[in-house]
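There are 2 protein chains.
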Amino acid sequence: MTKPSPLSGFPELLPTQRNAELVIVRQLAHVFELHGFANIETRAVEPLEVLLSKGEIDQEVYVLRRLQAAEDSHDTGLGLHYDLTVPFARYVVESSGKLGFPFRRYQIQKAWRGERPQEGRFREFTQADIDIVGRDELAFHYDVEVARVMAQALADLPLPPLRMQVNNRKLIEGFYRGLGARDTDPVAVRRIVDRLDKLPVAAVRALLEDVGLSDKHAELCLALTQIRSTDGSFVDQVRGLGVEHDLLDTGLAELAAVIDGCRGLSNERFTVAADLRIARGLDYYTGTVFETVMAGFESLGSVCSGGRYDALAVEGSTTYPGVGLSFGVSRTLVPLFSRGLLTSTRSVPSAVLVAVSADDSRGDSEAVAAALRRRGIPTEVAASAQKYGRQIRYAERRGIPFVWFPGGDSTVDSVKDIRSGDQHAADAAVWTPPLDDLRPQLISKEQTP
Amino acid sequence: MTKPSPLSGFPELLPTQRNAELVIVRQLAHVFELHGFANIETRAVEPLEVLLSKGEIDQEVYVLRRLQAAEDSHDTGLGLHYDLTVPFARYVVESSGKLGFPFRRYQIQKAWRGERPQEGRFREFTQADIDIVGRDELAFHYDVEVARVMAQALADLPLPPLRMQVNNRKLIEGFYRGLGARDTDPVAVRRIVDRLDKLPVAAVRALLEDVGLSDKHAELCLALTQIRSTDGSFVDQVRGLGVEHDLLDTGLAELAAVIDGCRGLSNERFTVAADLRIARGLDYYTGTVFETVMAGFESLGSVCSGGRYDALAVEGSTTYPGVGLSFGVSRTLVPLFSRGLLTSTRSVPSAVLVAVSADDSRGDSEAVAAALRRRGIPTEVAASAQKYGRQIRYAERRGIPFVWFPGGDSTVDSVKDIRSGDQHAADAAVWTPPLDDLRPQLISKEQTP
Chain Z
1 MTKPSPLSGF PELLPTQRNA ELVIVRQLAH VFELHGFANI ETRAVEPLEV LLSKGEIDQE
61 VYVLRRLQAA EDSHDTGLGL HYDLTVPFAR YVVESSGKLG FPFRRYQIQK AWRGERPQEG
121 RFREFTQADI DIVGRDELAF HYDVEVARVM AQALADLPLP PLRMQVNNRK LIEGFYRGLG
181 ARDTDPVAVR RIVDRLDKLP VAAVRALLED VGLSDKHAEL CLALTQIRST DGSFVDQVRG
241 LGVEHDLLDT GLAELAAVID GCRGLSNERF TVAADLRIAR GLDYYTGTVF ETVMAGFESL
301 GSVCSGGRYD ALAVEGSTTY PGVGLSFGVS RTLVPLFSRG LLTSTRSVPS AVLVAVSADD
361 SRGDSEAVAA ALRRRGIPTE VAASAQKYGR QIRYAERRGI PFVWFPGGDS TVDSVKDIRS
421 GDQHAADAAV WTPPLDDLRP QLISKEQTP
Chain L
450 MTKPSPLSGF PELLPTQRNA ELVIVRQLAH VFELHGFANI ETRAVEPLEV LLSKGEIDQE
510 VYVLRRLQAA EDSHDTGLGL HYDLTVPFAR YVVESSGKLG FPFRRYQIQK AWRGERPQEG
570 RFREFTQADI DIVGRDELAF HYDVEVARVM AQALADLPLP PLRMQVNNRK LIEGFYRGLG
630 ARDTDPVAVR RIVDRLDKLP VAAVRALLED VGLSDKHAEL CLALTQIRST DGSFVDQVRG
690 LGVEHDLLDT GLAELAAVID GCRGLSNERF TVAADLRIAR GLDYYTGTVF ETVMAGFESL
750 GSVCSGGRYD ALAVEGSTTY PGVGLSFGVS RTLVPLFSRG LLTSTRSVPS AVLVAVSADD
810 SRGDSEAVAA ALRRRGIPTE VAASAQKYGR QIRYAERRGI PFVWFPGGDS TVDSVKDIRS
870 GDQHAADAAV WTPPLDDLRP QLISKEQTP
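These protein sequence lines are chains Z and L, in that order.
Counting along the first sequence from 1, when you hit position 75 you're at 75 in the numbering used here, and nothing is skipped either side.
Each number in the numbering used here corresponds to the 1-based position in the second sequence with 449 added.
You may find that some hints are simply not true.
Claimed, not checked - List time: in silico DSSO-like cross-link candidates among lysine-lysine, alpha-carbon distance up to 30 Å:
#1 Z:K98 <-> Z:K110
#2 Z:K110 <-> Z:K445
#3 L:K836 <-> Z:K110
#4 L:K647 <-> Z:K98
#5 L:K452 <-> Z:K98
Since the hints were derived computationally from the structure, they do not count as laboratory data.
Model the full assembly from the supplied sequences, consistent with the hints where possible.
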């Protein structure tokens, strides 16, 4: 084999980075499970007609064909899923008779898109999704719950500051309707306003006037997008614009409930805020919408998005409404890894390397390792009876914090913290490393400006 | 959406089954990490030339093309990996400068093969692999170690009895060479003997004579395949056949070391045995070889296989020898799930459902849930303030063992074990469920003959 090169868009992690990703993925799973979300995995492939039913991203799908299939029938009709929502919707409909609703699930899996790779946009990437889906109905309080659960999962991660921005489609649509511009399509208005991150304000104002809004109404629409708050004060700010509509009232109450429900979860690294500019491009959202930006990494776009959809899936006369959030594990972590801003304390799980004093005493070292493992301490035994200096360097290169020296028949065992050099007598039946040394820990660095 | 049908060969699990798979996968990962194996994940795709370098299974590869790519260039040149060994070998060579050798890794991922589905043979399946790979050399004691680690990982799983059968290529080849049949190719002999599971003994004997073995020598080859033992007694049995060769001695010593190293790990559900018939079809094994059969499921073939290969990969003048084992997670578990022989205690992680007495007291129930979660107890809150009977049935259907009734301002809280009906006063700040109820547990049933 000649030395292979990485494939653009298919990031792979070195063991030290993977340890950091594992810590984070396990912490996400832990929080999701604490809140009763059941894990599922869906197959990597879906029939093309399922993947293309949304219509917008067909150019990005990878289609499978069997290498040795007959020339004239080489496609399997299957493609790799490009997100976890489409397969989840299919799974819910397929298994609906065997699931309990509301069905709360989390799913941490890879997805694939054949798009041009750029930072944070990969051809293969891991997503961590939570959704709650109902049959025919789903109470609003689940919007608050998914926000709280994801906020709790993300708030304690040592990432650059995250800001989860929440808005509500009913609020926006009610506002546009309340303007009284009866002939104006609120969806068209929303789509124009959604272009504020790409177009200058004047251009957006002109487009709003093109679809029939008066100067004053266009100005009100733009004023709405300026409103944001980390508490319920956005409600009075919206009221101050003087627009009234029942749907606006519902939207304001829902958004206030989400912001209020996440009270107490914000900290210096994680904020939940009402932000009346965000709308999410996708048309299937019908209420709460979420986007999350990472400070210093705004160019990645949203790293955690989602919202309420009244019809995740429809089968016959049954509708499955849902609400959920999707955290881009690869989108968030890979840029941090590649800039050296996130890593872990070591490349192996081992907390202890048991030294080998002579090749024929390897069994003694194995016995020490077995005793430590019985008490849950990840341990490996040195490769061979090299000089102790070389065995210590073996541990150092891997970030293993402790080296254990079996005493043999004559002396007692001792354990050395190779970072400090401290060495003391120890008994493998009782010695325990500090909790922070038991497993690889995350190391995050501040981005230098 | 019309109700979708399952795709043949792409098994998906219901949440209760997935909980069982999760328990098992986490237990495997825990044991691997206790022994210092670092986790890695490789991308799902490899360049076709990497996938096809082994040559034998090209008809099974799924090739990717981008749906909207130009007609005349529709293949990406990438295929889905069909095992975890080929991508691991490529990863080792690609990252060799950044890895510490010997490199111990585990990998639990899906693989894909476009083959015809049958029980235990899927188009998408999960494997759990451990390997130790060296640069230029790898001490024999690692053969013993991977056997011990996998044995320890599998021995405590509530599966039908597993028998890990170990042999050694040096032993077999040394035996054939020791016969003195100089003109006979030992590889040819091994391949013929390997057909004993498909051909009658007489046919195999005839084939052996076809390649130049005498009656007596063919008989000795067949006698060798009859030898098996769960201890070192196989050595004397082989010696009793009167064949001598240095390579045979080495193979006997290595096999005896593996069997001896796994002493103490066998129990009523898991056995490690020397079995001199098994050879593994793949030519790249050069020493220890492993196969594992599951009692009552012999038709699945081996559920955990592997061995020693002197050249996992070669790059320039550097060789990477390795030894490893691969456990077929899907191959083993999916047949057990589909026959109802393995499941878990519930479909959700939740140990507690907190009831809601009135819609406006949902906050009280949420506060109880938060208190329980802070102490690591997975908890969900009832969907709505239905009659308590319906809330209890909600818990029952999901297998949630406890329902919590907030007392409100007037009375104390109480918790009910809905299996026994026992209900008693409880304080969310201190109450803890029995350890066995904290997380979903495996339930295994004996196969009825």
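Item to complete: Below or equal to 30 Å on CA atoms is what counts here, so check K452 of chain L against K98 of chain Z.
Response: Roughly 13 Å separates the two Cα atoms, so the pair holds.
Discussion item. Please verify whether K647 of chain L and K98 of chain Z have alpha carbons no more than 30 Å apart.
Written reply: The given pair, whose Cα atoms are some 41 Å apart, is violated under the 30 Å limit.
Worksheet item: Under the criterion that the straight-line Cα-Cα distance not exceed 30 Å, is the pair K110 of chain Z, K445 of chain Z satisfied?
Response: Cα-Cα ~27 Å, so holds.
Item to complete: Decide if the proposed pair is consistent with the structure: K98 of chain Z and K110 of chain Z, CA atoms, cutoff 30 Å inclusive.
Response: Distance of about 25 Å is within 30 Å: holds.
Worksheet item: Keeping to a limit of 30 Å between CA atoms, is the pair of K836 of chain L and K110 of chain Z held or broken?
Response: Distance of about 41 Å is beyond 30 Å: violated.
In this structure, the hints that do not hold are numbers 3 and 4, in rising order.
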